[in-house]
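Student: Taken in sequence, the protein lines are chains U and S. Read in order, the letters of the first sequence correspond to residues 1 to 475 in the working numbering. Read in order, the letters of the second sequence correspond to residues 1 to 305 in the working numbering.
None of these hints come from the bench; they were simulated from the model. Keep in mind that a hint or two might mislead.
Claimed, not checked - Derived, one-sided and incomplete: chain S residues facing chain U with beta-carbon distance under 7 Å: (1) A55; (2) T298; (3) F301.
To be verified - Covered stretches of chain U, as calculated for chain S (at least 3 residues, CB under 8 Å): (4) 214-223; (5) 306-319; (6) 361-369; (7) 403-412; (8) 415-427.
What the hints assert, rightly or not - Quick look at which bits of chain U chain S covers, simulated, 3 or more residues with Cβ under 8 Å: (9) 135-146; (10) 342-349.
Built from N, CA and C at the ideal position, the CB exists for glycine as well.
Listed below, chain by chain, are the residues.
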Amino acid sequence: MSDLFGALDASASTLGAYQQALDLVQNNVGNASTPGYAAQQATFSPLPFDSVGRESGGVVFSGAQSMRNELSESYLQQQNSDLGSANALVSSLSQLQTAFDISGDTGISAALTAFYTSFTQLSSDPNSPTARQQVLDAAGDVARAFQETSSSVTSTLSAVNQQIESTVSQVNGLASDIADLNQVQRESPGADPNLDARIHSDLQSLSNFTNFTYAFSADGTVSVLIDGQTPLVSGATVHPIAIGAAHADSASPEAGAAPALVIQDSNGADITNQLSAGELGGLLTVRNQTIPGLVGDDQQTGTLNQLAKSFADRVNDLLTSGQVSAGPPPVPGAALFQYDSSSTARTLEVTGITPDQIATIDPGPPSSANGTALRIGDLASSANPQDQLDGLTFSEFYGQIAATVGGQLSDATTTQTNQSQVVAQAQNMLQQVSGVSLDAEAVQLTEFQRGYEATSKLISVLSDLTETTINLIQS
Amino acid sequence: MTPFLNSAGQIFIANITAIEENNQKIQQQLSSGHRVNEASDAPDEVSQLLGLQAALARNTSLTANLQSVQSQAQTADQALSQASQLINNVLTLGAEGSNSSETAGSRQQLAQQVQSIFNSLVSLSQTAVAGQYIFSGDSSTPQYQVDPASPNGVDRTSTAQNASQVEDPNGGLFPAGLTAEQIFDARNADDSFATGNVFFAVTSLVQALNNGDTSSVNQAVGLVQTAATFLNSQQSFYGTLENRITNSLSTASALDTSLKTQISNLRDTDVAQAAVELTQGQTELSAALESESKIPATSLFNYLG
Numbered sequence: 001m002s003d004l005f006g007a008l009d010a011s012a013s014t015l016g017a018y019q020q021a022l023d024l025v026q027n028n029v030g031n032a033s034t035p036g037y038a039a040q041q042a043t044f045s046p047l048p049f050d051s052v053g054r055e056s057g058g059v060v061f062s063g064a065q066s067m068r069n070e071l072s073e074s075y076l077q078q079q080n081s082d083l084g085s086a087n088a089l090v091s092s093l094s095q096l097q098t099a100f101d102i103s104g105d106t107g108i109s110a111a112l113t114a115f116y117t118s119f120t121q122l123s124s125d126p127n128s129p130t131a132r133q134q135v136l137d138a139a140g141d142v143a144r145a146f147q148e149t150s151s152s153v154t155s156t157l158s159a160v161n162q163q164i165e166s167t168v169s170q171v172n173g174l175a176s177d178i179a180d181l182n183q184v185q186r187e188s189p190g191a192d193p194n195l196d197a198r199i200h201s202d203l204q205s206l207s208n209f210t211n212f213t214y215a216f217s218a219d220g221t222v223s224v225l226i227d228g229q230t231p232l233v234s235g236a237t238v239h240p241i242a243i244g245a246a247h248a249d250s251a252s253p254e255a256g257a258a259p260a261l262v263i264q265d266s267n268g269a270d271i272t273n274q275l276s277a278g279e280l281g282g283l284l285t286v287r288n289q290t291i292p293g294l295v296g297d298d299q300q301t302g303t304l305n306q307l308a309k310s311f312a313d314r315v316n317d318l319l320t321s322g323q324v325s326a327g328p329p330p331v332p333g334a335a336l337f338q339y340d341s342s343s344t345a346r347t348l349e350v351t352g353i354t355p356d357q358i359a360t361i362d363p364g365p366p367s368s369a370n371g372t373a374l375r376i377g378d379l380a381s382s383a384n385p386q387d388q389l390d391g392l393t394f395s396e397f398y399g400q401i402a403a404t405v406g407g408q409l410s411d412a413t414t415t416q417t418n419q420s421q422v423v424a425q426a427q428n429m430l431q432q433v434s435g436v437s438l439d440a441e442a443v444q445l446t447e448f449q450r451g452y453e454a455t456s457k458l459i460s461v462l463s464d465l466t467e468t469t470i471n472l473i474q475s
Numbered sequence: 001m002t003p004f005l006n007s008a009g010q011i012f013i014a015n016i017t018a019i020e021e022n023n024q025k026i027q028q029q030l031s032s033g034h035r036v037n038e039a040s041d042a043p044d045e046v047s048q049l050l051g052l053q054a055a056l057a058r059n060t061s062l063t064a065n066l067q068s069v070q071s072q073a074q075t076a077d078q079a080l081s082q083a084s085q086l087i088n089n090v091l092t093l094g095a096e097g098s099n100s101s102e103t104a105g106s107r108q109q110l111a112q113q114v115q116s117i118f119n120s121l122v123s124l125s126q127t128a129v130a131g132q133y134i135f136s137g138d139s140s141t142p143q144y145q146v147d148p149a150s151p152n153g154v155d156r157t158s159t160a161q162n163a164s165q166v167e168d169p170n171g172g173l174f175p176a177g178l179t180a181e182q183i184f185d186a187r188n189a190d191d192s193f194a195t196g197n198v199f200f201a202v203t204s205l206v207q208a209l210n211n212g213d214t215s216s217v218n219q220a221v222g223l224v225q226t227a228a229t230f231l232n233s234q235q236s237f238y239g240t241l242e243n244r245i246t247n248s249l250s251t252a253s254a255l256d257t258s259l260k261t262q263i264s265n266l267r268d269t270d271v272a273q274a275a276v277e278l279t280q281g282q283t284e285l286s287a288a289l290e291s292e293s294k295i296p297a298t299s300l301f302n303y304l305g
């Protein structure tokens with residue numbers, strides 16, 4: 001009799017184990033599309049059985065084993081970070097590239113060409129008031145082109161600053177969410193696959209924005225370190241990052257340029273160099289390297305300013321060494337351009353020169369009535385080192401500036417395309433390792449269902465036997 | 001967020017996105033006719049492309065200048081031909097005036113005719129093309145006006161010595177013309193009248209005819225003969241100039257073709273190749289979409305009772 005009751009107890013325990021297993025399958029299927037969710041596998045532990053020693057045996061549900069593979073998780077995060085960086089680069093550089101037209105129809109390239117042409121035309125009729133006015137108009141167009149290009153680059157800088165601000169806010173927001181989840185984990189110790197899914201989902205999202213490492217503690221909470229160095233989340237504590245600004249050196253090459261943007265940790269330490277990937281890494285590359293390379297900062301003049309200055313200085317040199325009239329006495333020419341050296345391209349403008357002050361005479365020897373005008377027109381393709389910048393004509397140097405931006409964009413676009421496919425493959429690999437397979441869950445469901453039904457049948461038989469035994473005793 | 005459902009679909013999306021972006025790029029190349037529209041299309045070629053565009057614009061301007069100077073040179077050549085003819089007329093009148101049978105009155109009439117020719121020579125020195133005085137150097141006004149009181153019969157309003165130069169496509173410079181002083185009023189280094197000075201020679205003949213002095217007339221005729229020879233040598237300059245301009249225009253035309261070809265090779269779309277790539281891309285896209293649509297979207301749950 002007591003054996004019958006023991007068998008009933010064991011069967012009840014088995015039934016409970018299958019019930020919990022079925023609950024697990026239900027949770028898996030319900031969360032099959034939940035971001036960050038890893039499939040849970042039921043584990044059973046057999047109870048001791050000894051028919052002589054009256055151990056009833058049976059099985060208990062010993063918990064759920066997570067199929068999460070942290071290695072695959074980390075790999076996907078790394079690929080996400082690289083993709084995030086490429087996306088940010090493509091977005092920012094695409095906007096920046098619009099400032100550098102290469103069609104020859106607009107922008108600096110077109111203005112320079114028209115300027116050279118105006119002087120070549122003036123050389124054919126140095127005394128023409130119309131030709132002289134056209135030179136002034138073309139000079140004004142050149143100055144405006146440089147100003148507009150500089151302004152456009154500055155606009156991109158402002159947009160990138162805003163994006164960085166937004167990204168930093170998103171990073172801190174995710175960090176705060178992770179910290180809250182850590183707090184929940186502490187208050188409810190024990191494995192919770194759904195809470196775990198939320199944490200890993202936040203980590204995957206965070207990987208789009210920045211590079212980091214993470215580690216789980218024994219209590220189930222996760223710590224996040226930016227670049228493996230700077231704490232971002234420690235248990236339930238958030239260490240938010242913030243935007244700072246480097247000190248601008250007034251004696252720097254381009255004192256008027258915006259200083260470098262700095263990211264600080266919660267203690268105010270500069271961690272900018274640690275942010276090498278993710279959207280933040282990409283944006284900082286454009287903000288602190290690409291754009292200053294064009295319009296300068298406290299470390300460099302910037303190629304756009306370099307071009308504006310060299311061009312303006314060379315034209316002014318040729319004009320002031322030329323003559324308006326051979327006299328006697330000879331009347332020297334006047335400078336055509338002026339600028340503020342703190343920000344050359346942005347401030348380039350035509351002086352108050354009048355048409356009759358434009359020098360066309362080259363005093364030589366040999367002297368020439370239109371020699372100066374011809375020399376300025378020749379700047380379009382002159383091989384004279386004095387007419388060049390770094391071995392290139394001014395038009396070619398501008399092309400090189402545009403090519404620098406275009407080259408970075410081209411590389412970033414290629415990386416973006418390739419990395420999108422890599423991320424997709426990494427996601428697929430993670431899904432295969434950690435994800436919920438509906439087919440597998442259906443098989444498990446069938447198995448547990450049969451086990452449950454069999455155990456239920458056994459209980460029914462044991463119940464009948466127990467009743468029969470009781471009836472025997474009564475009779 | 002990282003959805004796990006249908007992660008294979010993520011791969012599919014990434015792949016077709018790459019195909020679609022490439023197709024889009026090719027379509028833009030075909031519609032614009034340009035392979036290089038932005039710097040990122042061909043970063044390694046942008047600098048060279050802009051340099052070629054600037055060189056082409058320069059060549060176009062130089063060609064226009066050469067054509068303008070060609071017109072001026074032709075006009076100057078014609079003016080000097082007329083001047084030579086006028087000088088020959090002066091010589092004829094001078095020979096007539098040197099005849100001892102001429103009276104003072106007839107010589108004065110001859111002087112008036114020579115003076116009239118002199119005025120025509122001064123007018124020729126003021127020849128303009130498209131509003132530009134081609135014998136005035138860097139001055140915007142005629143270099144000479146008639147002045148009977150002057151020893152050479154003219155008032156020199158400027159001493160412009162800086163004649164303009166014209167540039168050929170290879171960067172070579174050559175004078176675009178001569179000044180009126182160089183042609184009609186040749187001077188020595190000390191600014192005295194040089195041998196061959198046309199204005200002085202003709203004015204001298206006018207004065208000699210008015211004076212009625214036969215030996216003076218003969219002497220003046222000699223000066224005019226020397227001036228005629230000098231004038232012919234100055235006219236030969238324009239013949240040489242016209243030849244050089246013709247050669248330069250030929251060079252400019254060849255350079256124009258070369259530059260345009262280089263620019264086209266760098267910038268323009270290879271339509272045939274682009275059309276093939278687009279067709280291939282569209283085929284790949286269709287095949288990918290069709291194969292994806294055939295993948296069953298069921299699981300074992302669909303078959304459980």
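Student: Next step is simple, just say for each hint if it's right about the structure.
Tutor: Outcome of the hint check:
1. With its C-beta approaching chain U no nearer than about 4 Å, A55(S) sits inside the 7 Å limit, and its interface hint holds.
2. Taken as an interface hint, T298(S) does not check out: its beta carbon lies about 9 Å from the nearest beta carbon of chain U, beyond 7 Å.
3. Taking 7 Å as the C-beta contact cut-off toward chain U, the hint placing F301(S) at the interface holds, the least distance being around 5 Å.
4. Counting residues of the segment 214-223 of chain U whose C-beta lies closer than 8 Å to any C-beta of chain S gives 0; at least three are required, and the coverage claim is violated.
5. For the segment 306-319 of chain U, the assignment as covered by chain S is violated, since 0 residues bring a beta-carbon within under 8 Å of that chain's beta-carbons and 3 are needed.
6. Only residues whose beta carbon comes within less than 8 Å of a beta carbon in chain S count, and the segment 361-369 of chain U has 4; three or more means the coverage holds.
7. Counting residues of the segment 403-412 of chain U whose CB falls under 8 Å from any CB of chain S gives 7; the rule of at least 3 is met.
8. Given as covered by chain S, the segment 415-427 of chain U passes the check, having 7 residues with a CB less than 8 Å from a CB of that chain where 3 are the minimum.
9. Residues of the segment 135-146 of chain U lying with their CB closer than 8 Å to a CB of chain S number 0, which falls below the three-residue condition for coverage.
10. Three residues within the 8 Å Cβ limit are the bar, and the segment 342-349 of chain U against chain S gives 0, so the coverage statement is violated.
The structure fails hints 2, 4, 5, 9 and 10 (numbered hints given earlier, in ascending order).
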